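Using the supplied hints, reconstruct the complex from the two chains, each of which is provided in its own coordinate frame.
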Amino acid sequence: MRKTTLGGKAFRAVLFVAFGLFFLFPLYAMADFSTRNLIAGGRTLQAWKNLVADEALYAAIVISLLLAVFTVVLMLLILVPTMIWVRLRAPWARGLVEFLCLLPLTIPALVIVVGLRNVYLWVTYFLGESALTLTFVYVVLVLPFAYRAIDAALSAIDLKTLSEAARSLGAGWATTIGRVVVPNIWSGILSAAFISIAVVLGEYTIASLSGYETLQVQIVLIGKSDGPTSVAASLATLVFGFVLLLILALVTRGKRRDTAGADPAVAAPTTATQPGVPT
Amino acid sequence: MTNGVSVELNDLTRVYGSVKALDGLTLHIEPGELVALLGPSGCGKTTALRILAGLDEATSGTVSVDGKDLTRVSANKRDMGMVFQAYSLFPHLTVIDNVGFGLKMRGKDKGQRVSRADEMLELVGLTAHRNKYASELSGGQQQRVALARALAIQPRVLLLDEPLSALDAKVRVQLRDEIRRVQLEVGTTTLFVTHDQEEALAVADRVGVMSQGKLEQLAAPAELYANPATPFVAEFVGLNNKVPAEVSDGRARLLGASVPALTGSVASGGGLAMVRPESVTVEADPSGTASVTSVAFLGPISRVHLTLADGTAVGAQMASSAARAFTPGDRVTVGVEPSGVLVVAS
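Chains A and B supply the protein sequences, listed in that same order. Heads up: the first sequence at position 117 corresponds to 117 in the numbering used here, and the numbers run straight through without jumps. Just add 1000 to the spot in the second sequence (first one is 1) and you have the numbering used here.
Just chain B, same shape as in the assembly (with noise of 0.2 Å):
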């Protein structure tokens, strides 16, 4: 079910200060669509959430929901549900009262607030506190709550603000599954913001990368993956290995093998090869130029860090049961599995 709306941020430029905390974004947003903003800290993915949702003020740009301008119209009549970082329930009101709250400013009547109230509470599974004030639930029920609150108005978008921070890990892969169903169920156009990267790439339909106010590289969250646009995409979303490469005719030479250069590499000659860690590929090999430094246990996977001949350190992640066969010391052959790597200037 899709019952969503197009959203359009156009050129935003936000400056506080002398800081530029957005720099001419602009992003789009089809309907019943699940955008994440991924970004680090002080990229400016909050900001244009809090611009969205009319919380803050654009020093330049648009905003557009549905085709209409929204961008002087203030925060309490763009009809947007929002779910902060911060636990944000109202201490004075019973769960039941918090998740109606949006309701009652719309004039709907008792019978009308409870049954729809009631209806989202089902959704989050939280039916049985209905009754409860916010200091009684744990910091994933808040949560829950939270979304209730903000999709019980039927809002023409939700807005996520990184909503799962202030969770302990456990809660937060199980929150962070029940907001991608909730939100494929009642199909709302829905903007995230997280700094997580498997949150990001978990949960959206599209994902942003921001970087210093700017706009990236918006992509599906395995196009993003698979042939990252710059070196900050590349180096944000996954870890990544940085391996002298000589470029030519698009194909890119590195340990040993002959693979496709990126779209956004250097046209030829040398650089450095972005390589993600399960790309890497070692073999035991006792004549091998490269040698095993270390190797660390994650699990079901672990990583092997290893230094190759030139001195160069990469990193190599493989099942745990293959890492076994490799200590500190082995001597090995390192190669690289024949998928498309960014090359950069070194």
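The following block holds chain A by itself, in its conformation from the complex (with noise of 0.2 Å):
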């Protein structure tokens, strides 16, 4: 293992102090700002309060976490077994999905609220005027990110000889999936979860432009009036995608460490020859 020298260390303290304030000192300037009291002076958690107290708020908390889930749900129930069976049965379309599924980026939310009119008056048409059908566009907005995680996650595997093994088991392809593909791709599937649900909390336009009232709509709402209240569902949300964020950084890890565990000298390499190739 390599040294790391006192400078070294010493360096390394200074830079990581400097980017914690500089990261840190918004959300104390928010922290403050959501527990003054502008009128009387002094402190009052009367802002984090009214994420409760206000209904307007709270209900659209309660809409952003639902769409949140529902997403993710959707999400790795579309993209998981399509990019598995992608990599198993149809690799010449590898090229094309990872296209369509990184194609959201390119195109502005502007231009995909125009463009999902006429799309949403079917899908109001049968489900009704929801915010929750926002699911549908917000799981293609996450398509981008779920992707190149659940991406890197299966490339990391042999998927190949593992759900072949599975299935000369006796398994089928939904337990082939469930019981061989998804525990060993689970930070993957984490990481595409958490970063859509992040995605999720913090839109605005799409929701905006559509006339649905999420989280950031009321955030931006409240803001006009309340200020505190309105810094306080900021801090809330950040502080939720933090610590998603925190959860998956330990999840992974851990998943590392029991990697790098394994004693070098008796641990063989598991892609040593090229699997699968009919010869």
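Just so you know, the hints here were simulated from the structure itself, not pulled from any lab data.
If you want a taste of the chain B side facing chain A, the calculated C-beta under 7 Å gives, among others:
hint, residue
1, M1082
2, F1084
3, F1090
4, P1091
5, H1092
6, G1102
Restricting the straight-line Cα-Cα distance to at most 27 Å, the calculated cross-link-like pairs of lysine-lysine (BS3-like) are:
hint, chain 1, residue 1, chain 2, residue 2
7, B, K1132, B, K1104
8, A, K160, B, K1132
9, B, K1104, A, K160
10, B, K1108, B, K1132
11, B, K1077, A, K160
12, B, K1068, B, K1108
13, B, K1108, B, K1077
14, B, K1020, A, K160
Source: prediction; values computed, not measured. Where is the CB? At the ideal position from N, CA and C, for every residue including glycine.
As structure tokens, this is what we get:
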């Protein structure tokens, strides 16, 4: 292992503190502002109480959280089996699927809203005027991020051999995916899920232009009349996102440690050969 | 003990685009028999095994096990245990759970699974590693666990797809012998695919040599080695010298000797005899017409490279103690042992 010199350690510590302050200072400022009593002076938790007491805001929080959950579930149900199927059965379609998944990155939100208007006439005709129908457009929106995370996880395992081994042992396709593939790409699925939640909780343009009241839309609305409550809601969303990313980092670090923990003297490479090439 | 079933691959053809990976392959395996499919990369041996496993579909032809047609049966319903070339243990499961996975798929309760898995781990000598993960095992240990996992389900057929090719030489030989021991113990009908002729000859009851999607010859190892049916088999199984020969009345005349010409040889006239290095005899002779080019020491044996009077290069294999008598430039007389040779058109 490479030794770190004292100077190197000090430099790292300075950098760590500097970046920590840079990122934490705005959060501190938000916390300070959201607990300030602007009229009477002093401190108050009224803004934070409003997060629950303000019915419109509370409803928006619930809607946004439900949207995040539905988006993640629908995205995983569509993307995971598709990506596994493409890798195993239709590798020729991989480039096309990647292109389609990355496409939303290149289309401005405004164009998406205009483009989806006609489609959403049918969606609202069948499912009603609910903000939860935004799930469909959000699934499209998170595809680029989710695709990258799951693709990296799938690349790290020998998918073909593992799934063939499972099938030869009597597992059907659903069991193979559920009991063999998913546990081995779990960190990628968690990454995809958490990043999707962060995207959904941060999305404003599409919800606002479509006329739905999600958390972000409410925050902007409240911000016009009640600054501290709006900032409290923003801070809560940010902290929630940070906590999710922290969990993600801990989970993936745990996975890396598991892999690195094997004795290199006896551990064998898992990709020593080109698997499954018919001869 | 034999509890195997018969396996029949009938007229299998597999076409990938413009490439014919299998070209009318027919192979019958007897119950409890271990057949090795041997051939160079791209000869179709792995494709044949994958079609038998249900992991690939034949373009035409049928697969029968124990008399039942399995051609359209999916892989998970074929009841076959398979060991792959690449390490295939499930990384998220311990050794004991890996071995018990197939039993879980068959609805066995935990007690039955653990008991059977322990039995299999004992068979491959890995009981002490039952609670480890794949990443904590060596390559050889991983393949042993894969073998235990494949056998735990008491498969009707055991399929081994180059299971030793990722291992180092010493472990390879150990595991090769172990696979044969275990196979004889459980008596499962087995198809073993390899490109290593030594491996195939050492473990199999019969060896099938494949080339360009076709089975060139299927015979017991000794038979295959002594009486190759085609030039490809003669060349692929063992190193061969090509020495000018004359054939008449079923005998081949070469290197001053007359030996039987094997079936498949040219009927009469000149040709090239395929002579194994260990069949070439060398005698020191100052008036001999051949000369020693070089001597390669290979441990217990050595290979003596010679040049005949007509310029033909010939290799002779002998005990290193005998090879010590020769140095490059020596004049020698070269002969051939009186075993049969295959003579092909030159």
